[in-house]
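Each chain, letter by letter, is given below.
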Amino acid sequence: MFESPGISYATLWPVLLVLGVACTGVVVEAFAPRAARFNTQVSLALVGLAAALAGTVMVGAGPHLGVATGEGALIVDGPGVFSQGLVLLVSLGGVALFAERRLDNGVSAFAGQAAALPGTPAERTASQRGLEHTEVYPLMMFAVGGMMLFCVSGDLLMLFVALEVLSLPLYLLTGLARRRRLLSQEAALKYFLLGAFSSGIFLYGLALVYGFAGSMSLSEIGAAVAEDGSSPLLLLGIGLMAVGLLFKTGAVPFHSWTPDVYQGAPTPVTAWMSAATKIAAFAAMLRLFYVAFGAEGDIWRPAIGVVAVLTMLLGASFAVVQTDVKRMLGYSAVAHTGFLLTGLLGVQNDSFGSTQAVLFYLTAYGFATLGAFAIVSMVRGPNGEAGSLDRWAGLGRTNPWVAGTFAVFLLSMAGLPLTAGFIGKWGVFAVALGAGQWPVVAVAIGSSVIAVFFYVRVIMLMFFTDAHDDAATVVTPSYATTVVIALSAVATVLLGVIPGPVLSLLVDAGGFIG
Amino acid sequence: MLTILVLIPFAGALVTAVMPARPKMWAFGFAVATLIAGIVTMFTAPDTDRVWMEPLGVHWALEMDGFGKLMVMLTVVLVPLVMVAAVKDHDKRWYAWALALEAFALLTFLAGDLFLFYIAFEATLIPAYFMIGQNGGPGRAKAAVKFLMFQLGGGLVLLGALIGFYVVSSQAGPPSYLISDLAQLDIGTTAERWIFVAMFIAFAVKAPLFPVHTWLADTTEQATPATSVLLVCILDKIGTFAMIRLCLGLVPEASAWATPVVVVLALISIVYGAVLAIGQDDLLRLIGLTSLSHFGLITLGIFAATREGLVGSILYMVNHGVATAAMFLIAGFLITRKGTASISSMRGLEKATPVLAGTFLIAGLATAGLPGLSQFVSEILVLISAFDYHWLVGVIAVSAIVLAAIYVLWAYQRIFTGPPQLSKQPVADLNRREIGVITPLLVALLFFGFVPGPLISAAQPVVAPLVDVIQAGE
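So the protein lines, in turn, are chains L and F. Going letter by letter, the first sequence gives residues 1 to 514 in our numbering. Going letter by letter, the second sequence gives residues 1 to 474 in our numbering.
Worth flagging that the hints you see were computed from the coordinates, not collected in a lab. Ideal placement from N, C-alpha and C gives every residue a C-beta, glycine not left out. Don't take every hint at face value.
[Claimed, not checked] Quick list of the computed label-pair ranges, beta carbon to beta carbon:
#1 Val320/L <-> Val51/F: 35 to 45 Å
#2 Val320/L <-> Thr190/F: 27 to 37 Å
#3 Glu54/F <-> Val306/L: 32 to 42 Å
#4 Arg102/L <-> Ile39/F: 29 to 39 Å
#5 Glu54/F <-> Gly62/L: 23 to 33 Å
#6 Thr214/F <-> Pro501/L: 36 to 46 Å
#7 Val490/L <-> Thr214/F: 33 to 43 Å
#8 Ala191/F <-> Tyr204/L: 42 to 52 Å
#9 Val306/L <-> Phe43/F: 57 to 67 Å
#10 Glu54/F <-> Val490/L: 21 to 31 Å
Given the sequences, and given the hints that come with them, work out the whole structure.
Here it is, written out as structure tokens:
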């Protein structure tokens, strides 16, 4: 007899709500008149996310924390709920940036009609009729739902399903830029092809791990690994699954899509995606490595260490030579992945361990990157955004507030004290050093120095250089974008000066539950 | 109370940045308020200790011992003077940054918690970076980046030491970053040596010491003299301050272990800096390089680790601050008049500007350690300890005095003596504002030259326990 799995709706309703909002969005798209769609979709998304965020907080504070549900497929524990909340927070900001229509003369950053090929009469018609892709909001909601599931997946199949649910909308969103559409579509294709590849590899690894353990559940795999860890089946499985996750986070040598996608995607998508995907992917990676493969730490730690070293060095070095601000931030995201991987090398303990360090780093990085890309979308020339760094020269004189805020985000990414980035960096280095990984920490410190160079160069360009003739101008955005930037900046500084509450929250949240 | 001392300049920076009317007056007002608060806290200031970031064991702990008092006084006195001196060629942003710099510098001198120290140590770089980059010579942007890269490089290495302390501390129990707690820790020899190396690199960059000094000359050449005063006389002192407070205080055995290397580096700094200074044509660069030589002497005194050496170094830090500030400011006045810092383009200014020439000579001779001027006492103490350490070290260190006399007198000769230059505009002597800035500094130089007692008695109690710890370790 088939028995339906018991599902704890008390802990899962925020996820279901977001997915429900996504489905409702599709229905709205089908039936609502064109004029009403934008407002309906935006308010639906905002309200849905806000309600889900409130729900996540309730779940986190409630009595049901730490239960396995759906026959162990979903495990709602402290770190999982924390990362879900973080994804939701960043996504709220993301919706606000998606809805920005003042920067580009009343149209959004998305293509009027993606089906109309670039440069054809169809495209012209679309833009004359003022068409708009309001499908982006349901797409985004699906991705958010996938990310939230990714954070709490307790078995391999759920992990794979969530990975696909979060990835597919991202491929689409990447290709929807209104301007420089060919670049955007190329980026989307690249992202999709490489992403599909990595999903395949991930699935292959998953199958091998299942073959080894005879179970999909992470905790049962963990028990099997503890019993017999040297099976080649398992090692190959760990390796292949790691490839899939490392691809999502943009770690070297699976990073090559990052700068292209960051540059090609519409800037609001880049802003939201760079923060949210990283949070979800690292939450899942932490869970997978600690719960399922924790007993085999001696085998995967050196490998992850090598990847971390390469990622930090290459990310930071390539960022130095970039001339486009979005590409530079893309490579900087690669370098940050390396720092996060350094944090993964530490050990889990009940006070300040790897989980806490990585999650704090993700919080700090999430706000900084969201704010930084939001500012990138405001700095424009006659042909849309001014990506080229030369055109940012002298911005500190013409727009001290914008440049100053951007400098705050950059300094946070560089890890200077009194910003959230510093505490984050301190944390991941401390846990790695505590686990005796001093060579990796030494490289991390070295690449931090390289990384500082390109952040500082942008600050120098903005504040100490005179503007050229074709200097970019700052377009005043709507309140939504302003609020996102302001809140990100406040969060960046506040988490740097008084990180205590968030750190305590993380410590109280405890570790992953098997 | 100590918290207030730090908060006043910080609030001042914010107020100055947003104040539309007369921001410079506001900035000066806040600097004076800090000066007053500094004097008050000299006499009555209970230590502060509050938990700040609990999971990391970080405390907001401020305390002021004799050494801290000296450094705080130096800071709070110099900042308002520099502000008056700098009024002509800086805008309000510079003033705001200067106050921020003061706040963070005070925080480093007061910090009783290593994490807090580190935060302030790194945070000083942001105002300094903007001060260098926004005002000064044509190569200032490059100099600012070079400055920041060196300093941050050092700072990140220090971060390694900071984390090392956390790891050791959390293995011993609940983590704590209080310097007093860290001093109790039992660190293994290897770990202690690594921590020492990381800390020393950071402080050597800051101080600066050969071979990580190269940012100094470029920075002082490109930055305005007022910025240089804040950098060299206050900020760089954090480096030597931390060598005493943290290297000797926390890892004394490793400090003793590294002393031979440090002494050699210090000797190279002393001689190399002085020799380079002799050949310099750019006046600001020259003064920057003399500081390299002087910081070498300070470091030598610290690591020779005798009572005299440490007292001498602490005194030297104060006196060097005063004398070099005077030098930079006078050079600044000279450069405003001539429009260039090139020594070869100045000649025979003595007749036209007797006051300027006189003050230059006094400040210059003070840096060269002429008896009767304050630096002499500290230099003698350092040299005694150098001879104590090894006679050869003493001999090499003494050469610094000869070289110092050469670069000061030769610079004076080239700028002020000789037939006056025929120029279209006559060069004016110091005006009242400028004299007002220089007088307190010169008075301090003369006063502490004849009455070094107060400084020595402030430094003595700090030194005694350190020397005991070190000698016990040997």
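Hint by hint, here is what the structure shows:
no. : hint                              : in the structure
1   : Val320/L <-> Val51/F: 35 to 45 Å  : holds (40 Å)
2   : Val320/L <-> Thr190/F: 27 to 37 Å : holds (34 Å)
3   : Glu54/F <-> Val306/L: 32 to 42 Å  : holds (35 Å)
4   : Arg102/L <-> Ile39/F: 29 to 39 Å  : violated (54 Å)
5   : Glu54/F <-> Gly62/L: 23 to 33 Å   : holds (24 Å)
6   : Thr214/F <-> Pro501/L: 36 to 46 Å : holds (43 Å)
7   : Val490/L <-> Thr214/F: 33 to 43 Å : holds (38 Å)
8   : Ala191/F <-> Tyr204/L: 42 to 52 Å : holds (44 Å)
9   : Val306/L <-> Phe43/F: 57 to 67 Å  : holds (58 Å)
10  : Glu54/F <-> Val490/L: 21 to 31 Å  : holds (22 Å)
The structure shown violates just one earlier hint, number 4.
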